[in-house]
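Each chain, letter by letter, is given below.
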Amino acid sequence: MRAFTYERARDAGAAARAVAANPSAKFIAGGTNLLDLMKIEVEVPTHLVDVQDLGFDKIEATRDGGLRIGALVTNTNLAADARVRRDYGVLTRAIVAGASGQLRNKASTAGNLLQRTRCPYFYDTNMACNKRRPGSGCAAIGGYSRQLGVIGVSDACIATFPGDMAVAMRVLDAAVETVDGTGARRSIPMADFHRLWGDRPDQDTVLKQGELITAVTLPKPLGGKHFYEKVRDRASYAYALVSVAAVIQPDGTGRVAFGGVAPKPWRVEAADALLPRGAAAVTARAFQGATPTKDNAFKLPLATRALASVLAEAKA
Amino acid sequence: MPTTTELELSRRGLLAGSAATAAIVAAPVGAAPATPRQATAAPTLPVRFKVNGERRELSLDPRTTLLDALREHLHLTGTKKGCDHGQCGACTVMVDGVRINSCLSLAVMHEGDEITTIEGLGTPDKLHPMQAAFVKYDGYQCGYCTPGQICSAVAVLDEIKRGVPSHAQDDLNAKPTATNVELRERMSGNICRCGAYSNIAEAMAEVAGAKA
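Going line by line, the protein sequences match chains A and B.
Reading the first sequence from the start, the letters are residues 1 to 316 in this note's numbering.
Reading the second sequence from the start, the letters are residues 1 to 212 in this note's numbering.
Calculated from the structure, these hints are not laboratory results.
Positions of the beta carbon are idealized from the N, C-alpha and C atoms, including for glycine.
Please note that a few of the clues may not be correct.
[Stated by the list, open to error] A few chain B residues that don't get close to chain A, going by computed Cβ distances all over 12 Å:
#1 Asp84
#2 Ala168
#3 Ser198
[Said to hold, decoys possible] The list that follows gives simulated cross-link-like pairs (lysine-lysine, PhoX-like), each with its CA atoms no further than 25 Å apart:
#4 Lys81/B / Lys58/A
#5 Lys39/A / Lys161/B
#6 Lys175/B / Lys58/A
#7 Lys50/B / Lys126/B
#8 Lys175/B / Lys126/B
#9 Lys126/B / Lys225/A
#10 Lys161/B / Lys136/B
#11 Lys175/B / Lys161/B
#12 Lys126/B / Lys136/B
#13 Lys220/A / Lys315/A
#14 Lys26/A / Lys58/A
#15 Lys208/A / Lys26/A
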């Protein structure tokens, strides 16, 4: 790990200013992904700003009947919150399908959104990777790509966003609240938060340097039945090959997003509208224009089957 | 053939030497670092926390993980370093009552925290009930992952008691119980290469007062 200096921030404005002022500074909360990457020198911050004292650790009701989840709420506490379990089951299900108990106790809501891809070529500093080192090429294209993206990818990068929590938040139309070094605040719809790689795969999200996530808001509950179906290589503690987050209403309408397939939680609203016509109709629309490799082409039928399983359960 | 000198190398020295060699081999092939390597470490920082009820004060390189602080600075070597990347669970300790991977947490971020390691659970003369159950049910073979397994197991039973949900639950709003399926799901962050899993689950079930 490279040497860095460390400070424990007292307020959000000071934290944002400190990171905005130094292009190689980073915020640290749970640190479970950042430290992992610092150990192999994929991440090399020269300064860390610890945000654990900023007080963003509560889940509060909002005036429009939704919830405001503090950026520092741990994955465990978010999944366990009685309101989340009752009204946003897809979110609890997604969180407990990810990582391990130890990691969920430490990982924060904001950090979970900012976790980086698990593409093996991103982790292996001997390999070309446009995400890790812009312009160096992509060793994943033509390489071992079984776990990588099938849609929304580019000629520069075929990595996926690896998380589960954000896939549920996409179905729920969550928004990410931030504050920057100048004190300006904004609310970013989850749909726009993660970027498609294009020719800048080094940029995972639309956040600017020093822009600090303060909360994630959920609109009022949708009702319906909530599902998170995750298909992976082992029964627990593995990344998704394909995951399906869905909220299905009694009349068969609903919403669906897919994980493990793209640079971001993959939801196509026009495909949602096809839910009453069955899984194949939905995935045909949601994955229109997909560019799988021969190693990960299996993800397309797998997505259809995982969704079919959810829809069968919704009818039961 | 290895020479006598090589044979006399301590295991620790050999491992450290191998790691250094690996780093040297990797450096020229890998991508050139975007920023030049700093010759000196950042200044050390003070940190105070409680470990197993005892106040400790250290001055640490900010890079020091909680795991390395416990093992290398406080010489509490019960907590083990397996993968050092949060994948194996050998480094599991409890901080303020919940289990975490101590390898993925900076020691300086634990100012004021209360940390419990395997040394704080029981002693050879007075085993923690979970330690006694691991012995009774042969919940280990080589023993390397065991301190992490036991810390995790103790914390898992507490999580079930507090109603923390898991992937194994059909009904998210029901209170979880210590069934075999629940225990296995909740222990998935602790790897045992000897494969003592079924005995670990039985040991946990006995402590939970349930049938495995």
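Verification of the hints:
| no. | hint | result |
| --- | --- | --- |
| 1 | Asp84 | violated (7 Å) |
| 2 | Ala168 | violated (9 Å) |
| 3 | Ser198 | holds (15 Å) |
| 4 | Lys81/B / Lys58/A | violated (33 Å) |
| 5 | Lys39/A / Lys161/B | violated (35 Å) |
| 6 | Lys175/B / Lys58/A | holds (23 Å) |
| 7 | Lys50/B / Lys126/B | holds (21 Å) |
| 8 | Lys175/B / Lys126/B | violated (32 Å) |
| 9 | Lys126/B / Lys225/A | violated (50 Å) |
| 10 | Lys161/B / Lys136/B | holds (23 Å) |
| 11 | Lys175/B / Lys161/B | holds (8 Å) |
| 12 | Lys126/B / Lys136/B | holds (15 Å) |
| 13 | Lys220/A / Lys315/A | holds (24 Å) |
| 14 | Lys26/A / Lys58/A | holds (23 Å) |
| 15 | Lys208/A / Lys26/A | holds (12 Å) |
When each numbered hint is compared with the structure, violations occur for hints 1, 2, 4, 5, 8, 9.
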